[in-house]
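Student: Top to bottom, those sequences are chains A and B. The first sequence maps to residues 269 to 667 in the working numbering. The second sequence maps to residues 269 to 667 in the working numbering.
Hints listed in this document are in silico derivations from the structure and should not be mistaken for laboratory results. Treat the hints with care, as some may be off.
Since the list gives no way to pick out one identical chain from another, each pair is judged satisfied if it fits inside one copy or across any two copies.
[What the hints assert, rightly or not] Capping the alpha-carbon separation at 30 Å, the derived lysine-lysine pairs in BS3-like fashion look like this:
hint, residue 1, residue 2
1, Lys-383, Lys-276
2, Lys-383, Lys-270
3, Lys-298, Lys-664
4, Lys-321, Lys-345
Next come the chains, spelled out residue by residue.
Number of protein chains: 2
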Amino acid sequence: MKVSQRVKEVPYSAIRKLTPFADEAKKKGKKIYHLNIGEPDTETPGEFFDAIKNYDTKRLGYAHSKGLVELREATSKYYKDRGVDFDPDDEIVITTGASEALVFSLICVSDLGDKILTCNPFYSNYHTIFRQIGVNPQTFDTHVEDGYKLPDYETILAAVTEETSAILISNPSNPTGAVYTEEEIRRLARVAKERDLFIIADEVYREYVFDNDEFISFAEIEGIEDRLIVLDSISKRFGACGARIGSVASKNKDLMKEVVKLATGRLAAPTIDQIGATKLYDVSTDYFEDVKNEYQRRRDCIYEELSKIDGVKVYPSRGAFYVMPELPVDNTEDFAKWLLTDFDVDGETVMVAPADGFYHDSDAGKKQVRIAFVLNCEDLKKAIRILNLGIIEYNKLKK
Amino acid sequence: MKVSQRVKEVPYSAIRKLTPFADEAKKKGKKIYHLNIGEPDTETPGEFFDAIKNYDTKRLGYAHSKGLVELREATSKYYKDRGVDFDPDDEIVITTGASEALVFSLICVSDLGDKILTCNPFYSNYHTIFRQIGVNPQTFDTHVEDGYKLPDYETILAAVTEETSAILISNPSNPTGAVYTEEEIRRLARVAKERDLFIIADEVYREYVFDNDEFISFAEIEGIEDRLIVLDSISKRFGACGARIGSVASKNKDLMKEVVKLATGRLAAPTIDQIGATKLYDVSTDYFEDVKNEYQRRRDCIYEELSKIDGVKVYPSRGAFYVMPELPVDNTEDFAKWLLTDFDVDGETVMVAPADGFYHDSDAGKKQVRIAFVLNCEDLKKAIRILNLGIIEYNKLKK
Numbered sequence: 269m270k271v272s273q274r275v276k277e278v279p280y281s282a283i284r285k286l287t288p289f290a291d292e293a294k295k296k297g298k299k300i301y302h303l304n305i306g307e308p309d310t311e312t313p314g315e316f317f318d319a320i321k322n323y324d325t326k327r328l329g330y331a332h333s334k335g336l337v338e339l340r341e342a343t344s345k346y347y348k349d350r351g352v353d354f355d356p357d358d359e360i361v362i363t364t365g366a367s368e369a370l371v372f373s374l375i376c377v378s379d380l381g382d383k384i385l386t387c388n389p390f391y392s393n394y395h396t397i398f399r400q401i402g403v404n405p406q407t408f409d410t411h412v413e414d415g416y417k418l419p420d421y422e423t424i425l426a427a428v429t430e431e432t433s434a435i436l437i438s439n440p441s442n443p444t445g446a447v448y449t450e451e452e453i454r455r456l457a458r459v460a461k462e463r464d465l466f467i468i469a470d471e472v473y474r475e476y477v478f479d480n481d482e483f484i485s486f487a488e489i490e491g492i493e494d495r496l497i498v499l500d501s502i503s504k505r506f507g508a509c510g511a512r513i514g515s516v517a518s519k520n521k522d523l524m525k526e527v528v529k530l531a532t533g534r535l536a537a538p539t540i541d542q543i544g545a546t547k548l549y550d551v552s553t554d555y556f557e558d559v560k561n562e563y564q565r566r567r568d569c570i571y572e573e574l575s576k577i578d579g580v581k582v583y584p585s586r587g588a589f590y591v592m593p594e595l596p597v598d599n600t601e602d603f604a605k606w607l608l609t610d611f612d613v614d615g616e617t618v619m620v621a622p623a624d625g626f627y628h629d630s631d632a633g634k635k636q637v638r639i640a641f642v643l644n645c646e647d648l649k650k651a652i653r654i655l656n657l658g659i660i661e662y663n664k665l666k667k
Numbered sequence: 269m270k271v272s273q274r275v276k277e278v279p280y281s282a283i284r285k286l287t288p289f290a291d292e293a294k295k296k297g298k299k300i301y302h303l304n305i306g307e308p309d310t311e312t313p314g315e316f317f318d319a320i321k322n323y324d325t326k327r328l329g330y331a332h333s334k335g336l337v338e339l340r341e342a343t344s345k346y347y348k349d350r351g352v353d354f355d356p357d358d359e360i361v362i363t364t365g366a367s368e369a370l371v372f373s374l375i376c377v378s379d380l381g382d383k384i385l386t387c388n389p390f391y392s393n394y395h396t397i398f399r400q401i402g403v404n405p406q407t408f409d410t411h412v413e414d415g416y417k418l419p420d421y422e423t424i425l426a427a428v429t430e431e432t433s434a435i436l437i438s439n440p441s442n443p444t445g446a447v448y449t450e451e452e453i454r455r456l457a458r459v460a461k462e463r464d465l466f467i468i469a470d471e472v473y474r475e476y477v478f479d480n481d482e483f484i485s486f487a488e489i490e491g492i493e494d495r496l497i498v499l500d501s502i503s504k505r506f507g508a509c510g511a512r513i514g515s516v517a518s519k520n521k522d523l524m525k526e527v528v529k530l531a532t533g534r535l536a537a538p539t540i541d542q543i544g545a546t547k548l549y550d551v552s553t554d555y556f557e558d559v560k561n562e563y564q565r566r567r568d569c570i571y572e573e574l575s576k577i578d579g580v581k582v583y584p585s586r587g588a589f590y591v592m593p594e595l596p597v598d599n600t601e602d603f604a605k606w607l608l609t610d611f612d613v614d615g616e617t618v619m620v621a622p623a624d625g626f627y628h629d630s631d632a633g634k635k636q637v638r639i640a641f642v643l644n645c646e647d648l649k650k651a652i653r654i655l656n657l658g659i660i661e662y663n664k665l666k667k
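Next up, chain A with everything else stripped away, as it sits in the complex (with noise of 0.2 Å):
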């Protein structure tokens, strides 16, 4: 009686592995500024509070297992007010946060010991969820140098092997902040197209998207709508994370008619969220635009203080709120824990991801940071500077 392999193989949280650190650092009064966690800081639109609050029932019974009509009808609407079509009735279920669509869309289109492609490096909690799903990743490089830019269409149909049955991409990227072109998209479609395979698109960050430029999603390219298949989320287009309402989307039926049965295995997402979620696609596209011109900005501001220190290589960021820099030190999680444990500025230090769980078969993420730009200006320059001035320290130490 032992727990299993493949849950000792689930790494530790990337983003969350140096918390029991950063409690201890807070428990001695230092105050820390948190550039690890990728929750956005701005507030839930009061829609969904009103509607929880006027929501009038006395037997809180199980939604549908595909998920409350009226929320699939809403969704549906906001695909279509971008162009897209997706019927509410049989192409959209909704689910546990985008999480749960990814399980579900995993399951669907892999057997155990399948191959899922997607780039390095990756948002990490996949890792979590493909060990915990019997299939492994594989990966082509994406590079710091350029904004972590797609390789060329050789290079991508070079990682496919016969044991590939998707791919997996996040756009906008988490971890990077790149926003693929519409080139860079239908590169990864002609290789799904030429090697047969689905097309996970996790979509989740589609509202932040800087410089006027434009958010290009999967399911605006013609010719793959049998293979695509796209995650989505309330958490960040509304600041809604502790809701736990996501979506997964196809226009293939069949899939989907399998995505029911997974949501019926596990009855229902929560009643009360989908009900307040439902009311927030009511909420003004005022509200988008106020939140992608705050996250610009500290995008701006990150990027500035970042250029700023000697032996950094970084990039503006394209979307999301994440950047993922090179540090010039020689082992990025080494440096994160000893900021907490070792170092601050008049009492204060910072928070950050070391990137090495972001990567598979790789050691690139061992010289890189995963930044969220989750705090005002103010407070980003402040945590900025403090991390400065621990890289100065820290390799003063090591020399």
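Given chain A, put chain B in place with the hints provided.
Tutor: Frame of chain A, contents of chain B only:
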């Protein structure tokens, strides 16, 4: 590019597979008595809704991955009041329903291809979850004639193989309404110790035990602390199915660390529902007593009515709100479908869950149905009278 073999093998929910026929019947104006779904019709205590209405925040953030500390403490106190000790800090993790608690537990105790021992019949959604995570059921039989008591020690032991990693048991039982005696529980514990297996005890129906019998939790049995995982939920306990709040508890701290890793990988259970769930634990014990008495009346009523039907094998359920009788028809799936499509009594019919989907490697379910007594006595009586007339009519047609 095609959907995976494993998802194709996921069975359609035995409980909901006939829903399209029910929808069709409703469109034609038929009234349907739903005895197929195990969702209590009792009111959710107002404490839940009050807590949510009073929750004052501007930003709906992630809860702790382990669950809100106040909910873990309330859960721990609930157990303590019943003589069971689980530390809120490192022996309890809050999950999105007991469904997620089961997924986490199974991943922690089993590698791909492992076998999970359970009894025939078992809760049909276990099938769905086994398929998803790559494990297989193995079973020992229980029988309608004695109300689905557990078989003797040797029979259970003989069902264990080298590949078995855990025993999974629902007590009180969904789908049979059996409640295991202390002796039966010790029998399973003895097998687990003898063959070094984990025990996953699904105790979500623990409040529903009739005839002044005492509910014995596996957690009360000494000597199995390290191998025991208890699954629980507020869904049935407080008539709050839509909240999707469950828990996994174990004194095996190594195992609970792995559960936390999995919990971190999906970020958190829904925040607002946890806020509501916490306050449910303030409900007076009268609440449980009232609900239990109501379901006991229904149990009496359904047992009495079913006993009147010629050729039905039935027994008084000891707990939960299910009974799984054998009906005098050749195939209960055909019969249950026919009740919806081709039969009514003055425009009314009844929906039951054919039992085949609750079995593994056995034909016993083809003559049985699961009946959930989640209607008031008057409606239950009407429903069973319709069932009786249906059996007579169906068998006439079959001749």
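Student: Next, verify each hint and record whether it holds.
Tutor: Comparing the hints with the structure gives:
1. In this assembly of identical chains, Lys-383 and Lys-276 lie within 30 Å of each other by CA distance both inside one copy and across copies; the values are 20 Å within and 19 Å between.
2. Within a single copy, Lys-383 and Lys-270 get their C-alpha atoms as close as 27 Å, and across copies as close as 14 Å, so both meet the 30 Å cut-off.
3. Taking the shortest alpha-carbon separations for Lys-298 and Lys-664, only the intra-copy value of 22 Å comes in at or below 30 Å, while the best inter-copy value is 81 Å.
4. In this homomeric assembly, Lys-321 and Lys-345 come within 30 Å of each other (Cα to Cα) both inside a single copy, at 24 Å, and across copies, at 29 Å.
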